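There are 2 protein chains.
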Amino acid sequence: MSRLDPISGFPEWTPEGRALERHVVDSLRDTFELHGFIEIETRAVEPLERLAGDSDAAKEIYVLRRLRADADDGDSGLGLHFDLTVPFARYVEEFSGRIAFPFRRYQIQKVWRGERPQEGRFREFYQADIDVVGRESLPSHVEAEVAIVMVHALARLPIPPVTIRVNSRAVVGEFYRALGVVDVTAALRIVDKLPKIGAPAVRELLVDAGVSGDAVEGILGLATVTGTGEAVEEALVARATAIGGPSESLREAIAGLRSVVDAINTAVPGASVADLSIARGLDYYTGCVFETFLEGHEDLGSICSGGRYDSLIAGGGFPGVGMSIGISRLVSRALSAGWVNVTRASPSVVVVAVNDEDGRRASDSIAERLRARGVAVEVSPNAAKFGKQIQYAERRGIPFVWFPAADGTDGEVKDIRSGDQNPANPDEWMPPPADLKPRVERR
Amino acid sequence: MSRLDPISGFPEWTPEGRALERHVVDSLRDTFELHGFIEIETRAVEPLERLAGDSDAAKEIYVLRRLRADADDGDSGLGLHFDLTVPFARYVEEFSGRIAFPFRRYQIQKVWRGERPQEGRFREFYQADIDVVGRESLPSHVEAEVAIVMVHALARLPIPPVTIRVNSRAVVGEFYRALGVVDVTAALRIVDKLPKIGAPAVRELLVDAGVSGDAVEGILGLATVTGTGEAVEEALVARATAIGGPSESLREAIAGLRSVVDAINTAVPGASVADLSIARGLDYYTGCVFETFLEGHEDLGSICSGGRYDSLIAGGGFPGVGMSIGISRLVSRALSAGWVNVTRASPSVVVVAVNDEDGRRASDSIAERLRARGVAVEVSPNAAKFGKQIQYAERRGIPFVWFPAADGTDGEVKDIRSGDQNPANPDEWMPPPADLKPRVERR
Numbered sequence: 001m002s003r004l005d006p007i008s009g010f011p012e013w014t015p016e017g018r019a020l021e022r023h024v025v026d027s028l029r030d031t032f033e034l035h036g037f038i039e040i041e042t043r044a045v046e047p048l049e050r051l052a053g054d055s056d057a058a059k060e061i062y063v064l065r066r067l068r069a070d071a072d073d074g075d076s077g078l079g080l081h082f083d084l085t086v087p088f089a090r091y092v093e094e095f096s097g098r099i100a101f102p103f104r105r106y107q108i109q110k111v112w113r114g115e116r117p118q119e120g121r122f123r124e125f126y127q128a129d130i131d132v133v134g135r136e137s138l139p140s141h142v143e144a145e146v147a148i149v150m151v152h153a154l155a156r157l158p159i160p161p162v163t164i165r166v167n168s169r170a171v172v173g174e175f176y177r178a179l180g181v182v183d184v185t186a187a188l189r190i191v192d193k194l195p196k197i198g199a200p201a202v203r204e205l206l207v208d209a210g211v212s213g214d215a216v217e218g219i220l221g222l223a224t225v226t227g228t229g230e231a232v233e234e235a236l237v238a239r240a241t242a243i244g245g246p247s248e249s250l251r252e253a254i255a256g257l258r259s260v261v262d263a264i265n266t267a268v269p270g271a272s273v274a275d276l277s278i279a280r281g282l283d284y285y286t287g288c289v290f291e292t293f294l295e296g297h298e299d300l301g302s303i304c305s306g307g308r309y310d311s312l313i314a315g316g317g318f319p320g321v322g323m324s325i326g327i328s329r330l331v332s333r334a335l336s337a338g339w340v341n342v343t344r345a346s347p348s349v350v351v352v353a354v355n356d357e358d359g360r361r362a363s364d365s366i367a368e369r370l371r372a373r374g375v376a377v378e379v380s381p382n383a384a385k386f387g388k389q390i391q392y393a394e395r396r397g398i399p400f401v402w403f404p405a406a407d408g409t410d411g412e413v414k415d416i417r418s419g420d421q422n423p424a425n426p427d428e429w430m431p432p433p434a435d436l437k438p439r440v441e442r443r
Numbered sequence: 001m002s003r004l005d006p007i008s009g010f011p012e013w014t015p016e017g018r019a020l021e022r023h024v025v026d027s028l029r030d031t032f033e034l035h036g037f038i039e040i041e042t043r044a045v046e047p048l049e050r051l052a053g054d055s056d057a058a059k060e061i062y063v064l065r066r067l068r069a070d071a072d073d074g075d076s077g078l079g080l081h082f083d084l085t086v087p088f089a090r091y092v093e094e095f096s097g098r099i100a101f102p103f104r105r106y107q108i109q110k111v112w113r114g115e116r117p118q119e120g121r122f123r124e125f126y127q128a129d130i131d132v133v134g135r136e137s138l139p140s141h142v143e144a145e146v147a148i149v150m151v152h153a154l155a156r157l158p159i160p161p162v163t164i165r166v167n168s169r170a171v172v173g174e175f176y177r178a179l180g181v182v183d184v185t186a187a188l189r190i191v192d193k194l195p196k197i198g199a200p201a202v203r204e205l206l207v208d209a210g211v212s213g214d215a216v217e218g219i220l221g222l223a224t225v226t227g228t229g230e231a232v233e234e235a236l237v238a239r240a241t242a243i244g245g246p247s248e249s250l251r252e253a254i255a256g257l258r259s260v261v262d263a264i265n266t267a268v269p270g271a272s273v274a275d276l277s278i279a280r281g282l283d284y285y286t287g288c289v290f291e292t293f294l295e296g297h298e299d300l301g302s303i304c305s306g307g308r309y310d311s312l313i314a315g316g317g318f319p320g321v322g323m324s325i326g327i328s329r330l331v332s333r334a335l336s337a338g339w340v341n342v343t344r345a346s347p348s349v350v351v352v353a354v355n356d357e358d359g360r361r362a363s364d365s366i367a368e369r370l371r372a373r374g375v376a377v378e379v380s381p382n383a384a385k386f387g388k389q390i391q392y393a394e395r396r397g398i399p400f401v402w403f404p405a406a407d408g409t410d411g412e413v414k415d416i417r418s419g420d421q422n423p424a425n426p427d428e429w430m431p432p433p434a435d436l437k438p439r440v441e442r443r
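Heads up: the protein sequence lines correspond to chains A and B, in order. Following the working numbering, the numbering of the first sequence begins with 1 at its first residue and continues without gaps. Following the working numbering, the numbering of the second sequence begins with 1 at its first residue and continues without gaps.
Excised from the complex, chain A in its bound form:
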């Protein structure tokens, strides 16, 4: 690795790429805030004992050590967070006396995972999380509400349409128990591997785990069910009937799953299906679970996942529903697939030319008057020939050059795209609204 090579898994963007990332972050913020979510940030580190549970992510923790640590102070006992859920759970406990419940929070920060370097896997990336957490109880309609906020948020991004695939731990749990499965969590962890290893391999693992042959077929059959509305409800009831049910509670769980999918589709038509194969390996989910796929880019995996949990936070007194978007993967794909055009990297809409260095003060003053009215401006770094100063703007995609008059008065402004040049007053002139700020356009 030369000192200048990119580091695998730690993406960096050009200024245009960063402008797209900012656009995504700002758009998500705006949607989350319109829905009353409060922003928090947590520190980048957590005590290792809190991070290193038994989830897969724990293997990938980056531990910190001071380079020139004292003898008694080797490892700091701190690791970088690998998601925003673990720190949020700790924050809720720590700040529980100072926040009002139900607590609607969003959080957009970088997280780190020490994965083996491989194509398309990031070791540093942005996540955007929303969660609603109650104290002691949380109504079930929050499951649909959180997913709806996320479909609205995703619909505003310059990305292809998404489908949120919804499953219900309650439905799956009832089914598995009715099939005689003893360790529902262990079975779910195996089913979670379906998209990676396929049904035959999952069948084998389930048999190895001691699940009976009939139950294995029941589990795999259930995982084939997808759909919306009455159709999926009927399909599930039929399957339950075939194994001697459904019980009252399974019937309710099925109706609950359908109602979440329907509510999402009411908000954004066609955005959601029930999918009984969605398992999500994490043990803490207790209600609906969500995964989200991008049309035509399913190879990215789920770009927005989450679900309902009841005992993620110590003691179980803080039930919640949360979902998380992987921003960096979206930005990376948007850049490589050319979904967007960034009109310019520079915030400046005007370069104020400089007649000669003695006249720089006059150019600065025109710039200040424009800035006072919200127009982003820079002053030419030198008093080169006007052709050179126009080139300075051109190379940066800045559409206007302002030429102060030789006597230091206001002068004229030129649209360097059309060549139009007109006298103008910096206390009044505005660029066309489309030029005022750089824009991210869908291509």
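It should be emphasised that the hints constitute simulated quantities derived from the structure, not laboratory data. Among the hints, erroneous ones may be present.
Given that identical chains are not distinguished, each listed pair holds provided it fits within a single copy or across any two copies.
Claimed, not checked - Result set (DSSO-like, lysine-lysine): computed pairs, CA atoms no more than 30 Å apart in a straight line:
hint, residue 1, residue 2
1, Lys110, Lys196
2, Lys59, Lys110
3, Lys193, Lys59
4, Lys437, Lys385
5, Lys196, Lys59
6, Lys110, Lys437
7, Lys437, Lys388
8, Lys193, Lys110
Just so you know, these numbers come straight off a predicted model, no measurement behind them.
Given chain A, put chain B in place with the hints provided.
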């Protein structure tokens, strides 16, 4: 350390504190962009060989290690960046073919320093940097320009007035050489300790370093010079005359220092003084150096520092001027000193009440109509008695509660502060502008 204790040096804010931090970041972004600075972000890590120079900060590097690393993969060879200057220098080299010079960039990110824990020292904090970097050359007026952007940026923050103290490496270098000092850099590093250890201790260190008695007194005398305009210029020329000068180049350097201070004071009257004691330990500065102090809060140290450099970036082909604000320290002091009031933590300006769970859909629809017009809204999580739903808004500082009519039509909106309640249409109603978003007010 219990699992819930705060970790010394890793600050976290309540939602109100984070709202203030966001306000500061957004305000800085706005000022930087009005001046045509382009945002970039760099990865949080750099190769250790690039971080571990001989600066003091190198001692404080946090090295990363994968928790369950393979045998051949102990340390990753990566450390967390301790400032934004080192990564920016690397970025400029790496991306030099894809950016236009002079490059005006800003960068607002967290940095990490593994310092010993102590009062008021952070191990994780936000920095906001601006730099203008040229290719091969950079005009000297950029030194004043960068400082002026920073005084404008700081003047907009809800903090006390600041003073930017300016020194010139050129002036100091010429003086030291005229005094017969051989190793100017070494002498400067000692003078940098003045505010910490005082003149007698600095005198001793200089003598120990082999500086002659006369030269030591000359160095300490020079460090007492402060002022603006003609007065400081004359004071410096008089001192130079006393030691047989000034040379033509020292005369120019003195005039240059005065002109930077004057330019800052023209932009924001009273914001700057020349201060010949400002040394800044970092070796890479070659022109003006800046430190910024907060009136009445000098104990915070410099809150915004930087200067001109000519060979920070490999090969010396990228001269630049940069300054950096320590955001977290400002936010921390603003919170502890009570400089600001955050009107509410929640972005919501309205809570839409729910008559009964069957009517939730009607409440959701009113909320969606308000959001479509940019009004941040949340729907009551339950259909409790209206008194309880009003209390929900009250506890969050949300000023309005919307009551849908029993038949699901628009209903009425109540200002819960005044008790005023009126029929309203969610396609037309707007809150008073002062209520639309949470505000950060100076107290």
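So, going through the hints one by one against the coordinates:
1. Lys110 / Lys196: Within one copy only: 26 Å inside, 36 Å across.
2. Lys59 / Lys110: Classified as both: same-chain Cα gap 18 Å, cross-chain 25 Å, threshold 30 Å.
3. Lys193 / Lys59: within (18 Å within a copy, 45 Å between copies)
4. Lys437 / Lys385: within (27 Å within a copy, 47 Å between copies)
5. Lys196 / Lys59: within (19 Å within a copy, 45 Å between copies)
6. Lys110 / Lys437: both (26 Å within a copy, 26 Å between copies)
7. Lys437 / Lys388: Classified as within: same-chain Cα gap 24 Å, cross-chain 44 Å, threshold 30 Å.
8. Lys193 / Lys110: within (27 Å within a copy, 36 Å between copies)
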